[in-house]
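Visitor: Here's the letter readout for the chains.
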Amino acid sequence: MITLERRPEPSRMWQAMTPILAVVLTMIAGGLLFAVLGKDPFEAIRTIFWDPLFNPQFASYSRPQLLVKAAPLILIAIGLSLGFRAGIWNIGAEGQYIVGAICGAAVGLAFYPTEAIYIFPLMVLAGAIGGTLWAMIPAVLKIRFGTNEILVSLMLVYVAEQLLASMALGALRNPDGGGFPGSRNLQQYPSAANPELIAGTGAHWGVVAAFIAVIAAYVLLNKHLLGYQIKLTGQAPRAARFAGVRPNVLIALCLGISGGLAGLAGLFEVSGPAGQISIDFNSFYGFTAIIVAFLGRLHPIGILLAGLLMALTYIGGELAQFMLGIPSAAIQAFQGMLLFFLLGVDVLSNFRIRIKRKQVA
Amino acid sequence: MNLMKTLFGAITAAAIGGAAMAEDPVKVGFIYVGPIGDGGWTYEHNKGRLAVEEHFGDKVETVFQESVPEGADAERAMTQMALSGADLIFTTSFGYMDPTINVAANFPDVKFEHATGYKRADNVSTYSARFYEGRAIQGHIAGKMTESNKIGYIASFPIPEVIRGINSAYIHAKKVNPDVEFNIVWAYTWFDPAKEADAANALIEQGADVILQHTDSTAPLAAAQAKGGVIGFGQASDMAEYAPFPRVSSIIDDWAPYYIARVQAVMDGTWESTDTWDGIGPGMVAIGEITDAVPAEVAEEAMAMKAALADGSYHAFTGPINKQDGSVWLAEGETADDGTLAGMDFYVEGLTAEIPN
Numbered sequence: 002m003i004t005l006e007r008r009p010e011p012s013r014m015w016q017a018m019t020p021i022l023a024v025v026l027t028m029i030a031g032g033l034l035f036a037v038l039g040k041d042p043f044e045a046i047r048t049i050f051w052d053p054l055f056n057p058q059f060a061s062y063s064r065p066q067l068l069v070k071a072a073p074l075i076l077i078a079i080g081l082s083l084g085f086r087a088g089i090w091n092i093g094a095e096g097q098y099i100v101g102a103i104c105g106a107a108v109g110l111a112f113y114p115t116e117a118i119y120i121f122p123l124m125v126l127a128g129a130i131g132g133t134l135w136a137m138i139p140a141v142l143k144i145r146f147g148t149n150e151i152l153v154s155l156m157l158v159y160v161a162e163q164l165l166a167s168m169a170l171g172a173l174r175n176p177d178g179g180g181f182p183g184s185r186n187l188q189q190y191p192s193a194a195n196p197e198l199i200a201g202t203g204a205h206w207g208v209v210a211a212f213i214a215v216i217a218a219y220v221l222l223n224k225h226l227l228g229y230q231i232k233l234t235g236q237a238p239r240a241a242r243f244a245g246v247r248p249n250v251l252i253a254l255c256l257g258i259s260g261g262l263a264g265l266a267g268l269f270e271v272s273g274p275a276g277q278i279s280i281d282f283n284s285f286y287g288f289t290a291i292i293v294a295f296l297g298r299l300h301p302i303g304i305l306l307a308g309l310l311m312a313l314t315y316i317g318g319e320l321a322q323f324m325l326g327i328p329s330a331a332i333q334a335f336q337g338m339l340l341f342f343l344l345g346v347d348v349l350s351n352f353r354i355r356i357k358r359k360q361v362a
Numbered sequence: 197m198n199l200m201k202t203l204f205g206a207i208t209a210a211a212i213g214g215a216a217m218a219e220d221p222v223k224v225g226f227i228y229v230g231p232i233g234d235g236g237w238t239y240e241h242n243k244g245r246l247a248v249e250e251h252f253g254d255k256v257e258t259v260f261q262e263s264v265p266e267g268a269d270a271e272r273a274m275t276q277m278a279l280s281g282a283d284l285i286f287t288t289s290f291g292y293m294d295p296t297i298n299v300a301a302n303f304p305d306v307k308f309e310h311a312t313g314y315k316r317a318d319n320v321s322t323y324s325a326r327f328y329e330g331r332a333i334q335g336h337i338a339g340k341m342t343e344s345n346k347i348g349y350i351a352s353f354p355i356p357e358v359i360r361g362i363n364s365a366y367i368h369a370k371k372v373n374p375d376v377e378f379n380i381v382w383a384y385t386w387f388d389p390a391k392e393a394d395a396a397n398a399l400i401e402q403g404a405d406v407i408l409q410h411t412d413s414t415a416p417l418a419a420a421q422a423k424g425g426v427i428g429f430g431q432a433s434d435m436a437e438y439a440p441f442p443r444v445s446s447i448i449d450d451w452a453p454y455y456i457a458r459v460q461a462v463m464d465g466t467w468e469s470t471d472t473w474d475g476i477g478p479g480m481v482a483i484g485e486i487t488d489a490v491p492a493e494v495a496e497e498a499m500a501m502k503a504a505l506a507d508g509s510y511h512a513f514t515g516p517i518n519k520q521d522g523s524v525w526l527a528e529g530e531t532a533d534d535g536t537l538a539g540m541d542f543y544v545e546g547l548t549a550e551i552p553n
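Chains as they are written, first to last, in our numbering: chain A, 2 to 362; chain B, 197 to 553.
Extracted from the complex, chain B is given alone in its bound form (with noise of 0.2 Å):
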């Protein structure tokens, strides 16, 4: 191993000594789960990289890889975009955490940023928004919106992020409805449409006439139109396509910002090994405009909530807030501290499903 390391770094070090000299654009990578066109998670991150080529120009090169498979698949996608002179490369989802650090290793004039992960490292990064921000907007259009007190949630894995969002959305939608019941459906995949298809008429089947979705791709919300009367929200992109109806709001995620502050922070050699969680305040996580399918008082309170949220006057999780199991998580005017919301592992008090393990 010691061998290929020595390899790696002379060809790095080659790779990038001369593309100093020449003053060659700085390269940027991307490692993506999905397709480009998934209409989700993935298309938003492509569009950051477009927004980095648009920025910068003639000044940056970048490549990308779709589909990338969390794995074996991932580590080998990874060396050869920094063995083909890659400056910065993102990785954009959490099961390319390992990898990237055993990339990183081998790589340290390389920069890497993995996208919703907690390993770093000299030269791994991390970046995450806060998207149960928009989860609490969501929950709150969803509680009001719903007549058979029934949401269904299609989850994609049980790790902290995902059952943040859930919390989120129950507590709010709870909050305006205390009547209100989750249903929530495990489809171990981020990008699946036919098995999301297959969650989304579940649940609706089950009496959910509101889906909320963790999953990438449009198929939950052209089953909630195929069905009629169900409404639905666009998850990491607008999902513009199925406004007014079924898709009444929507989380965006916008990485345009970011990925233009890190490629400047590489040419100016000012990179430095960060952890960033940034939410709808400094734009990283965007709502996507309420369509008039909500009634106006509902999506003003809605509009009301983005703004506290994004001025830090009101935080997505202010207790009283109990855990499931009844035991006080938060005290009256306690917020969660990053900390405990990074690994959160539980359901808070009302969700009556358990957390697969």
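Same shape as in the complex, but just chain A (with noise of 0.2 Å):
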């Protein structure tokens, strides 16, 4: 009979382990989809992983596309896995993320056509506090009325893809888009544009505030009291209170930062690749990005590589639909089994696997 041990405490081999170890089998279940599918699996994982790294074809364009999708990604991870290690759970970045996009683009189509330099560090600003704003809707219920933020946070999700929708329509549509639904395109705009910083690299700001972002969670998680702070009441809430850590601080704390950086990509995102406010202008990167905090260990340097690869699966799957034929729901599919195997094999590193006879009665 098997049976399920609790370890002491998780095991740093398996910890490390079992992304690695999630991808494999998420290749082979992949595999064998794709097979049953009529397709060559070996090639469909080949197309996937392979393809848009070195194919001499697709890579010029794809390897910088890697970092366009990835760059949102990591960015909304990194503030994402500050809550989520002190037990914080804002499940509604997607929504962060619209309204980052939303208040960032109405600054830069509020001075239209004015040409100035400080219009897109206002709308980074914008973006920031947006973002920031609507998370703290989430922390100031919790904080004052013991609300489930990770209900109300999801929630607000919806609310904010209507707010979308409505600006879209209304506010911010583009007076010379012929009755079209979406704001003007701001790739358009030189002043509120975030256009590729060096050309044929992929890197816009949004790419170099991923990284900033990265660096400054590791030294914040290592370095820093509210790094220690965060830690300790994911591990031992009871501790962390007797060590001088004040839940209510933290929450908002947490909700404010993971909002503000979802707000950013947004900004990022909409003044960038998406160039424009339209109604289906979010793409669930909010979402993904959850995936990407687990699946990188909430550790920064982990979310670099993990949003990486989850943007690799984006990239490579669009190559493999329209090379292979494979459907885009299986693929899909495949990334979604990304985070089953993930948080499947996670029993590793917080159990052990026991193998007992029966006791005879």
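These are computed hints drawn from the structure, not numbers from a lab.
This list has only true hints and no planted wrong ones.
Here are a few chain A residues that face chain B, going by a calculated C-beta distance under 10 Å: (1) Gln58; (2) Gln66; (3) Val69; (4) Ala166; (5) Ala169; (6) Phe181; (7) Pro182; (8) Gly183; (9) Gln188; (10) Ala275; (11) Tyr315; (12) Ile316; (13) Gln322; (14) Pro328.
Calculated Cβ distances over 12 Å to all of chain A for the following chain B residues: (15) Asp254; (16) Pro440; (17) Asp533.
Yeah, the Cβ is synthetic: ideal placement off N, Cα and C, and Gly gets one too.
With the hints as a guide, bring both chains together as one complex.
Guide: Right, dumping it as structure tokens:
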């Protein structure tokens, strides 16, 4: 009989191994899925993981796109990981991302068509503030009334989506857009645009911000008192309180930081790759970032790698769709498997598998 | 950006040069906004793709990507398709307009065809169908069939194409039934079965016994079927699985002849940037079978209108027609010009709703 025995403390070896194991298991299960669909599983896996990076036909374009796709995921996941470590569950990053984009774009569009160097920095500020304020709603409700931040932040995503639709149709709609919903294209408004900083690298300000966030989170967690308090609260809430952690302040800080970073990600996306506020501007970055945060073990460097890996499955998945004719739903299932297997094999870091003989009565 | 352009240029030049030398098949790409199994818009575009494959056999290779969001992801999907050596790419949704123009600028040797848009370039054509001709027939049937005199209309986005359809259907419903009222719900999506079903149910609750839709799924027909006593029409595709009731007829988009002609033009080296807007006459718009649920005389009238639209003896927008504010749009016997139709941003007289803005 197989039993699970809780380890006295999580195994460090397994904690490092589970993400890799999850990726391998995803490849195997995904390969089976593709085989059932009548596709060559090895070719499919190669197209998803190898071609975007090394196929001479695509790599020069796909590699920079990797950064474009990974940057918002990393930026959001870094913020989320701080809260997750402290047991504060912000599930609504998607909403904060949307509101950050709306606020930032609104500031830029308000200045249209003035050209000035201060416009973009103001937009960045507005994006961060917008995301932070949206995240403060669940924070304040939790502190004041003890509501569940998971539910409140998640529900606020749907509110944000409605707000986005109304902005794309109303206040921010392009007056020269022929009636079609959507704002002016910020890429075509130099003072508000977030272009590629070095041609051919894909790196825009959002990529820079993502790298800064990774470094800052690393320093915060390892060298700063706040980082210590976050970790302690997650591991032993009672002990943390004795050590002088004020839980309410920590709730506000964690939700505020994660909201602010999600808002920034939204602003960089709307002023860069997306270009405009449109009804379906949000593309699940806020939810995918949750997978990225866990896949990266809530560790800044891990999140950096996980974000790049996730971006790779997106871009490689698109290649696989039209090169091999794999349906988009199968690619989404493949990505979902990643989180599924990660959570599944996570058992190994907290539990030990014991094989016992059946006791004879 | 210049470096990128040169790089792209070099890669595509190499790819195309290689293709021409080896007599490789012409590679045709399709970007779809919905899944190919949507049963409507994308389904019909994919049927056009399959027709291209069947017609040309080994001389073509087709690729497609489905459910591509209209935004930054669309640009990447098109670029990757062009990098993979596609010679001709059809981008089949209005929202792909700016991405198509952007990507086309990077790949001067790849031909692009954008459906339902209005921006063209040397290597970007546009094409669309005169769906409003089909809407006229639908409106006629709807006006005759409704007993509650309330017709529900599930609209997608407030763009000229959709507004044109509402006007055309309303004018012809009103012509045969002066008491008819249109109740319009904006779904703000091309394909979202859940939202479309909600919209249909809301309209039925408000008394509509005919549902017209400008969204792509069969969910409104399913809602009509569940309710009973409510009729609807196939949109973009025949949706014959709901015939003979609640689906009493349909507007079918037939892209196959156009796609075959355009691929042929690329093969012959005669491809040019054009603007195509075809209707019932050339066969880009077809009317699905009118079922027995519709009285024979109504079906006959509808078929007569179809014939008149096809041979050009009747235009779906023939005056006298006033705009919603009462001002004269078309005088007696005057027909609408394509320019006004292409940019239509107003309702005709009698519609009580407002176009959202």
